[in-house]
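Residue numbers (this note's numbering), protein chains in the order written: chain A, 1 to 638; chain B, 1001 to 1294.
In case anyone wonders, no lab produced these hints; they're calculated from the structure.
A hint or two may mislead.
[Unchecked claim] Now the in silico label distances, taken between C-beta atoms and shown as ranges: (1) 1250(B) - 36(A): 45 to 53 Å; (2) 1237(B) - 65(A): 24 to 32 Å; (3) 1226(B) - 144(A): 56 to 64 Å.
Just so it is clear, the structure is predicted and the values come from calculations on it, not from any experiment.
We treat Cβ as the ideally placed atom computed from N, Cα and C, and that holds for glycine.
In case you want the letters, here they are:
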Amino acid sequence: MYFLNLSLPQLVALFGAISAVSVALYLLDRSRRKQVVSTLRFWVAAEQPAVAARRRHISQPWSLILQLVSMALLLLALAQLRFGAPAMAGRDHVMVLDTSAWMAARSGNRTLMDIARQNAREYLRAVPARDRVMLVRADALATPATSFEPDHKKVEAAILASRPGSTALNLDQALAFARHVQGQEGRRAGEIAFIGSGRTAERDPGTAAPPRNLRVLLVPDAIENCGLRKIGMRRSATDPDLWEIYVSTHNYGTRARTVTLFADFGPPNVATRAAVGSQALVLPPGGDVETTFQYRTAAAGMLGVKLTPHDAFPADDQAELELPGQPHLAVTVYSDQPDLLRPVLSATPRLTTVYRTPAEYKANDAGLVILDRFIPPQRPAADSIWIDPPAEGSPIEVKKTVENVPFAHWDAGQPVAAGLRSKDFKLDKASVFETAPGDGLIGEVEAGPVIVVRPGKPKIAVLGFHPALSPMRYELAWPLLFANLLRWVSPEIFLRWEVGGGSVGTVKLQVEDNVPVKDVAVTAEDGSPVPFTLRDRTLDFFAGSPGAVRVVAGDREYMYSLTLPQLGDAKWEPPANTHRGIPRFSDVMDRVSDIWPWLALAGAAGLLIEWLLYGRFRMAQFATRTVAERSAESVEVR
Amino acid sequence: MAASPLLDREFLEKLERLTIHWQKSFAGLVGGHNKSRLPGAGQEFLDHRNFHYGDDLRAVNWHAYLRLEKLFLKMFQVEPRVPVRMLVDLSASMTAHGGGKFEYARKLAASLCYVGLVRLDSIEVHGFSNHLGHRIASSGGRHRFPGVMGRLSALAPEGATDYLAVTRELIGSYSQRGLVVIISDFLDDRSCERALQYLADYGHELMLLQIWADEDRVPPWTGELELRDAETGAGLKLDFDDEARRRYTHAFDEYASAIQTMAHRSGGRYAGVSTSQSLESVIFGDLIRVRGIA
Chain A
1 MYFLNLSLPQ LVALFGAISA VSVALYLLDR SRRKQVVSTL RFWVAAEQPA VAARRRHISQ
61 PWSLILQLVS MALLLLALAQ LRFGAPAMAG RDHVMVLDTS AWMAARSGNR TLMDIARQNA
121 REYLRAVPAR DRVMLVRADA LATPATSFEP DHKKVEAAIL ASRPGSTALN LDQALAFARH
181 VQGQEGRRAG EIAFIGSGRT AERDPGTAAP PRNLRVLLVP DAIENCGLRK IGMRRSATDP
241 DLWEIYVSTH NYGTRARTVT LFADFGPPNV ATRAAVGSQA LVLPPGGDVE TTFQYRTAAA
301 GMLGVKLTPH DAFPADDQAE LELPGQPHLA VTVYSDQPDL LRPVLSATPR LTTVYRTPAE
361 YKANDAGLVI LDRFIPPQRP AADSIWIDPP AEGSPIEVKK TVENVPFAHW DAGQPVAAGL
421 RSKDFKLDKA SVFETAPGDG LIGEVEAGPV IVVRPGKPKI AVLGFHPALS PMRYELAWPL
481 LFANLLRWVS PEIFLRWEVG GGSVGTVKLQ VEDNVPVKDV AVTAEDGSPV PFTLRDRTLD
541 FFAGSPGAVR VVAGDREYMY SLTLPQLGDA KWEPPANTHR GIPRFSDVMD RVSDIWPWLA
601 LAGAAGLLIE WLLYGRFRMA QFATRTVAER SAESVEVR
Chain B
1001 MAASPLLDRE FLEKLERLTI HWQKSFAGLV GGHNKSRLPG AGQEFLDHRN FHYGDDLRAV
1061 NWHAYLRLEK LFLKMFQVEP RVPVRMLVDL SASMTAHGGG KFEYARKLAA SLCYVGLVRL
1121 DSIEVHGFSN HLGHRIASSG GRHRFPGVMG RLSALAPEGA TDYLAVTREL IGSYSQRGLV
1181 VIISDFLDDR SCERALQYLA DYGHELMLLQ IWADEDRVPP WTGELELRDA ETGAGLKLDF
1241 DDEARRRYTH AFDEYASAIQ TMAHRSGGRY AGVSTSQSLE SVIFGDLIRV RGIA
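Looking at chain B on its own, in the form it has when it is part of the complex:
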């Protein structure tokens, strides 16, 4: 039986009117949705020039040749846009409690990709855990979306998260600043705040989407527990009661607030999402509210 698609057509139609937003102006690029006037491979006509040996014959203006018996080459304008890079957490912690977080993260990433494709944005999606995964290029219009969705569906979680290593690799790979969307549970034992701060200091605009399962925030269990970390395999034995649950939730909320504060301080956006929320309510509610999309 074929796997069902991540997003159905009805939901995609609802996404048509949305746009991914960023606030910064990035050096060397036209900010927002303004176009450049640089010649190159593009969609809109810019000018004609004389044909030279080695030019692409597909760009020859054959109508002009028939009239003037001279070869002229059509030139098109390049449309450089602000690069949007999306990092999707593939660590093992995303699979805890039934794998709901990982599935949710993939759907959220696919939704944002579709929003970007509709607006002809160029989005590069990377899975990551302790290193940056292969790039999934998402550009060229909505008709490219099935391929992007297929590759997102093929992503598989593995390994432990290492935000510092991933940040180093991202900065080393892409010198061009842009919007960085990170979809993750941000549950890294070595604290991810420093690595995120590096990205912001480098000049990227951050949009942090923290995903958690209800069990991550309010563990439903009571009594004697023997816990194992999904990423590191470390164990912990403890008694858990209502008081302990209250302390746990308090610590979790403090951590989420710290990430949120870091994002706001660096001019970025943050949204915390529970997997029990519907994807539609998150995109049309939380993300619009934090001005991640409009």
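Bound-form chain A, shown alone:
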């Protein structure tokens, strides 16, 4: 005889505590009750003799005994009293069901997942009814679908609800998790049953040996599969309208295959897309082939990549990536000498520049307005760059005008002055500005700043001299200064885009520069932030489900379309001494029946009998009966 849920000392301690409370409540219930009554005259008539009163101090002992026995029975039911040896008790099994992406592959007219579900149900039927079973779904993460469940129907329902995921199997993590949860439970550990194909991610050679209680129900998967592994796109550094497309394909099978890679671009509707290109590829067994395409477009759209003919695992035969459009900045130049500015503006292809004379000025120009030695009647509503403005109309007050002074230095702390170097040169004439707090001082002479930027809305930059009419025109700093000003005014125009397609799971990204963490943002499709780590210019994040992830790091933006399933390269071979197949458990275990329901029923019946015999029920019944009798008597008297 043993207790399943409690040890004997625990049972004794609990029964002692409950008994003490029960006796205390009993004595309290039977203690002298204080009561206010209308009159004492009838009570005096009903009073008991003194001898009888003393004897009644121990009245109704059977009530107490019945209560204690009932409590003991309920406690035994709670402790799950069982006859026999503990070895005959139930065990806890863990079923690790492979729900990796590969389980969606077809074998005949069924998927590997269908076969695995069938195996899992057969295993569950073989498990004795008293054993508890936990179902763990394993892909890149091990996720328990049930707790240790004595009701096998619930486990079966969880098995039937299992679907292939998008990530590759992390077998070591799943087995470690199963071993851990079995160790945490107080009951005897049963088996850890792995049910799946065993195609897993690359395993660490130093991984611990599989547990000794492991049972393997492998799903045969001799399936030939070729698939897309990675897609990368970026705009050409020399031609911003040219996309360079990189596609990596892999042959997971054991035979060489010839496939056709086809790419198209256009709106989401596939039928209206234009072909980008196609190539026939010969994929060696277990090998990769990388292909590149080029496609010229400034428009946004969808890029589709397909691999034909389809195989038994079509999920990795096609992918779609969303390409963002190329943004442009509208620049309006008001100048009588536009040729002075034309070289620096035409050097940047992302600008759409319009040149006008000061007489054609409009205050509502959009984008960026450049005012060359010209004070407009009304300040522009858009961002503006003022070149050598007359002192009486300058947006930043001119402190004084200096002549024939050497240019002192660039303020390297300002982003606009980043990378600017220049030899000593003198300015024939320049305006020195009176700055306000928050203004950025870009270039200075001894008397003060001559190039100032004022952040805000709209942004304003003022140059106290015309660089093209000063010795600075021979310096490299002149186009660089303008490029920096354009980037400062509209940084989003100069974002460099990279679009990548790949599989869900862990994504590693090499960030080009030492971007501070505060300038890095990783967001999912719905705009929610995705956790990431940034270490040694390597950014890592994890995507557990298919979708797009956007990474902004400094002046670069990366778009990840993680729609390809993650497939493992390795095929796990269980050790030779591992148990395999559906087990046959001993029948003797099922013959032992639970008696706790009967104990609980007996305890409840005892409490009910006590209540009927000694409790309030009897009092209430007595009172009702006597009142009814009295009413009948009254009627008769009258």
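Using the hints provided, position chain B relative to the given structure of chain A.
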């Protein structure tokens, strides 16, 4: 939040058809519901007489003055009726076991007041414990009922019962005999039978309505009890079991029978009412059965 009224309108409508009944003929008064022919303040016209200085101008017949240019005074007949006096027990014993008895007594008194008002009876209600409380006059028709109900609601229980003192005070205050309705638990340690007998001997007709809570008649408790009298504060410790409960109930029933016998012997009526009975069943059942109302 305003206190809910003692009786709702639906119940009052049911009471419209009832009448308080008495059996005796009282000296100096017209018994039953017969009217007198005495002039005075009343509702029905009796005669005219000449106007004298000091007469109430409101009673002048101005139509006759316009025709005859003489002042005539209209006279009305007085309608003296048998006085109904209702004594409601306000002692502390009425508040025992949750105060259900006191609440019930007030509702019963309000119901009888309404029955009397509908029939233009004159009812005087007194609360009492060890003395007679202030009079609540209830007469003049049903439209006076809200005021009566308000004053009944304002009654508060206090003190111990002293039937002898109350009887002396009642006889001293009212020489005119009539119907005396007593709504009480009659749980007086000094026995109320003698005081009630005095009232009957004086010439009053008694209608005794004894109210008890179920706990008063069949105490539900068992075991060792420490009891305290709600009125006197006296204590008693005892063991109480089924046998003792049987003796208690027997003693209570004997006491109730004694009051009932006394009432019947003196030509009065008695009804015992448990607070667990509905007020409607008591009025339309028990009180009609004992011919207290019809």
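Here is how each hint holds up against the structure:
no., hint, verdict
1, 1250(B) - 36(A): 45 to 53 Å, "violated (23 Å)"
2, 1237(B) - 65(A): 24 to 32 Å, "holds (27 Å)"
3, 1226(B) - 144(A): 56 to 64 Å, "holds (60 Å)"
Figure legend: structure checked against the earlier numbered hints; the only hint not met is number 1.
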